[in-house]
Amino acid sequence: MRLISRRSADALTDLWLAGPATLAMLVLIFIPVAIVAMLSFTDYQFGARSFNWIGFDNYLVLITDPQARRAITNTILYAAIVIPFSILFGLLVALGLHGLMQYAPRLSAILRAAYFLPVAATLVAMAVVWQMMLHPNLGLVNQMLGAAGIRGPAWLSDRGLVLYTLAVIGVWQTVGYNMVLFLAGLAAIPQHLYDAAEVDGADRGWERFWTVTWPMLGPTTLFVTVVTATGAFRVFETVATLTRGGPAFASDVLVYAIYREGFVYFKAGYSSAITMVFFAFVLLFTVVKFRFMEKRVHYR
Amino acid sequence: MRRLLISSLAVLAVAGTAAAEDITLRVHYAIPTIWSDAQTKLAEAFMAENPDVTIVIDGAAEGYEDGVQRILRESVAGNAPDVAYVGLNLWRVLESRGLAQPLDGFIGDEAEFEAKGYTPALRSLGQFNDTQYALGTSASTLVIYVNPDLVEQAGGSMDDFPTDFDGIIELAAQIDALSPTIDGIWTQRHDWRFQSFLGAYGGRPMTPDESDITFDDEAGIAAATLYQRFAQEAGMQSYNEGNARQAFPAGTLGIMIESSSLLNRFLEGADGRFEVVVKPLPIMAEPEDVYFPTGGSALVMLTDDEAKQEAAWRYMMFATGPEGAKIIVENTGFAPTNALVIEDETYLADFYAENPMHRPAHEQVARFAGPWYAFPGPEGVAVTDLIAAAMVEVSDGGADPEETVKELAETLRDRLGMR
Chain A
264 MRLISRRSAD ALTDLWLAGP ATLAMLVLIF IPVAIVAMLS FTDYQFGARS FNWIGFDNYL
324 VLITDPQARR AITNTILYAA IVIPFSILFG LLVALGLHGL MQYAPRLSAI LRAAYFLPVA
384 ATLVAMAVVW QMMLHPNLGL VNQMLGAAGI RGPAWLSDRG LVLYTLAVIG VWQTVGYNMV
444 LFLAGLAAIP QHLYDAAEVD GADRGWERFW TVTWPMLGPT TLFVTVVTAT GAFRVFETVA
504 TLTRGGPAFA SDVLVYAIYR EGFVYFKAGY SSAITMVFFA FVLLFTVVKF RFMEKRVHYR
Chain B
37 MRRLLISSLA VLAVAGTAAA EDITLRVHYA IPTIWSDAQT KLAEAFMAEN PDVTIVIDGA
97 AEGYEDGVQR ILRESVAGNA PDVAYVGLNL WRVLESRGLA QPLDGFIGDE AEFEAKGYTP
157 ALRSLGQFND TQYALGTSAS TLVIYVNPDL VEQAGGSMDD FPTDFDGIIE LAAQIDALSP
217 TIDGIWTQRH DWRFQSFLGA YGGRPMTPDE SDITFDDEAG IAAATLYQRF AQEAGMQSYN
277 EGNARQAFPA GTLGIMIESS SLLNRFLEGA DGRFEVVVKP LPIMAEPEDV YFPTGGSALV
337 MLTDDEAKQE AAWRYMMFAT GPEGAKIIVE NTGFAPTNAL VIEDETYLAD FYAENPMHRP
397 AHEQVARFAG PWYAFPGPEG VAVTDLIAAA MVEVSDGGAD PEETVKELAE TLRDRLGMR
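Line by line, the protein sequences are chains A and B.
When we follow the numbering used here, the leftmost residue of the first sequence carries the number 264, and every step to the right adds one.
When we follow the numbering used here, the leftmost residue of the second sequence carries the number 37, and every step to the right adds one.
A hint or two may mislead.
[What the hints assert, rightly or not] Which chain A residues face chain B? A few, computed with CB under 8 Å, are given here: (1) 333; (2) 400; (3) 529.
Keep in mind that the hints were calculated from the coordinates and are not lab data.
Quick reminder that beta carbons are idealized off the backbone N, C-alpha and C, glycines included.
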């Protein structure tokens with residue numbers, strides 16, 4: 264005799280299988296986001312015993328405050344440099360290493376490890392190395408420039424330069440990761456497509472790339488773009504360890520502003536408002552990417 | 037390791053014999069690289085004198101900001117430490133949230149308290165609205181670090197090192213001209229440094245009741261002008277803190293105006309290259325108007341349990357008293373806050389004999405220590421970064437010091453609600 268119907272048994276099984284993960288997601292993601300959303304409408308100070316509802320004031324400040332606008336434009340500028348360059352260099356390095364694999368597999372493997380090193384290394388430790396290399400007087404970079412008779416700039420403390428320096432470090436940091444993804448994409452392209460292209464007259468390198476390689480890398484490129492972009496918008500560690508947003512907010516970016524307002528200035532309410540804006544940014548970006556680009560890159 | 041083992045055994049033994057009366061105090065501190073030895077020794081020495089109290093030291097916070105964040109988090113969760121060493125500019129964060137306990141009830145008679153070495157200058161570091169919330173435990177002020185080799189190469193002499201900023205800027209310019217890879221002078225564009233220069237000219241950042249900004253006067257303009265002159269006349273580069281702290285011990289920076297707490301680090305870093313010399317900051321106004329904001333740490337009481345408060349007060353008096361001060365000075369290099377330690381040579385004579393360069397720094401603290409003003413209200417910490425940014429405008433951007441300072445003061449009045 265059955266205690267419960269087949270259907271409810273199935274439902275229970277589903278619940279049992281999906282329940283724990285759903286619960287974890289609720290507790291660890293959705294509820295915190297809801298709390299942050301709620302806090303963004305208050306003037307809550309970190310550690311305070313009470314708070315007031317202040318409506319959209321935090322968001323108004325975010326729009327009007329020059330410091331906040333600066334963080335937003337800096338983030339966009341940073342992403343606008345890091346996204347295209349790290350994808351381009353990632354692709355170039357992958358193509359080069361893929362070609363090299365044919366006649367010097369050992370060297371190719373060594374180079375691949377070298378390019379991947381920045382991804383595997385702890386960024387905070389790497390930041391110390393960058394700090395030393397880019398020291399205006401004692402650093403390797405400026406000493407080499409000095410030997411060539413050029414007086415190198417203060418890479419990390421010149422207001423006009425600091426964001427570009429950080430962007431270059433950002434590119435350095437992501438190229439290796441993108442390279443690995445592109446290499447996997449390249450390895451998955453069937454040789455017969457190249458053979459077919461050759462029969463059709465596309466036998467020069469550029470033609471082969473344009474008619475076979477690039478279209479076949481479409482799904483990989485989409486994935487790389489999404490990963491690179493969300494990574495670029497989330498830039499934090501290099502800013503926190505190398506410049507702390509300075510000098511004079513010249514390298515302030517969104518995530519660092521969240522940290523600074525919340526944990527240095529103790530303005531948890533305002534910090535939550537920035538978090539919500541940042542959240543919307545990333546969400547919008549991801550949705551746009553998948554809605555509009557997904558259709559154009561899959562062939563099967 | 038062995039010491040740790042012995043002390044923990046001692047703790048166990050004490051806990052075993054006097055279990056009923058035992059009070060356990062949790063102590064929080066920050067910056068273990070400077071403080072860890074001093075904290076262990078303070079706890080051991082205190083427990084030796086007070087067998088009924090057990091000191092448990094929390095894992096140290098990386099820096100003062102981290103430390104305050106952690107205390108706030110813990111207090112939200114209901115397990116804040118009982119006593120905490122916090123940054124002298126940060127205890128107000130705890131006071132404004134009602135976490136730091138007022139100490140006046142414990143102090144009792146003021147004259148008697150002062151006789152124990154707690155001078156008005158020392159007490160001012162932890163006072164707000166005539167109420168004592170914190171007791172200074174270690175102090176640092178802005179001092180001048182000099183590389184005498186570079187001074188001599190530039191044709192100057194350490195015997196008549198300039199005692200005013202004009203002379204220092206002139207000397208720095210000569211050092212800067214030595215070579216493109218050698219810099220004359222550097223100081224940080226930063227709230228505390230700005231307040232120090234302001235104090236050197238006899239100015240104050242705010243009125244005593246904190247109802248208005250007062251640095252948009254002659255003294256404030258003079259302080260901002262210094263930044264501009266350092267950059268324009270003496271070639272000060274826009275280094276960040278890390279760059280400059282590497283450059284000075286490496287011997288490529290002639291004069292560095294920095295916190296006295298860095299002395300040990302510079303002495304070690306420059307060891308074998310050159311002899312670091314410490315000079316006091318120039319006094320640019322009547323000495324009685326001059327003060328230097330004091331960095332360092334203060335003890336606050338966080339527990340509201342009466343039995344624990346009594347023990348916490350004993351611990352605080354021990355750590356800020358002459359014995360505690362001796363331990364702190366010898367192990368951290370910070371200047372002492374307790375006047376008895378400075379007046380009575382028996383406490384630190386040996387230390388000064390071995391570490392002569394600490395003396396000028398400590399004397400400056402003893403003579404001119406004053407509070408490091410924390411701006412009131414929710415925007416209090418945020419505006420300090422605006423001050424720093426304004427000094428960057430003045431030095432790198434060539435903005436007019438007078439205009440910049442006046443504009444900055446107006447911005448601060450807006451942000452701090454002083455209208």
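These are the hints, each one checked on the structure:
1. Given the 8 Å rule on beta carbons, the hint for residue 333/A is violated: about 10 Å separates it from the nearest Cβ of chain B.
2. The criterion of a C-beta within 8 Å of any C-beta in chain B is met by residue 400/A, whose closest approach is roughly 5 Å, and the hint holds.
3. The interface hint given for residue 529/A is met, as the beta carbon of that residue sits about 7 Å from the closest beta carbon of chain B, less than 8 Å.
Comparing the model with each numbered hint stated earlier shows that hint 1 is the single one that does not hold.
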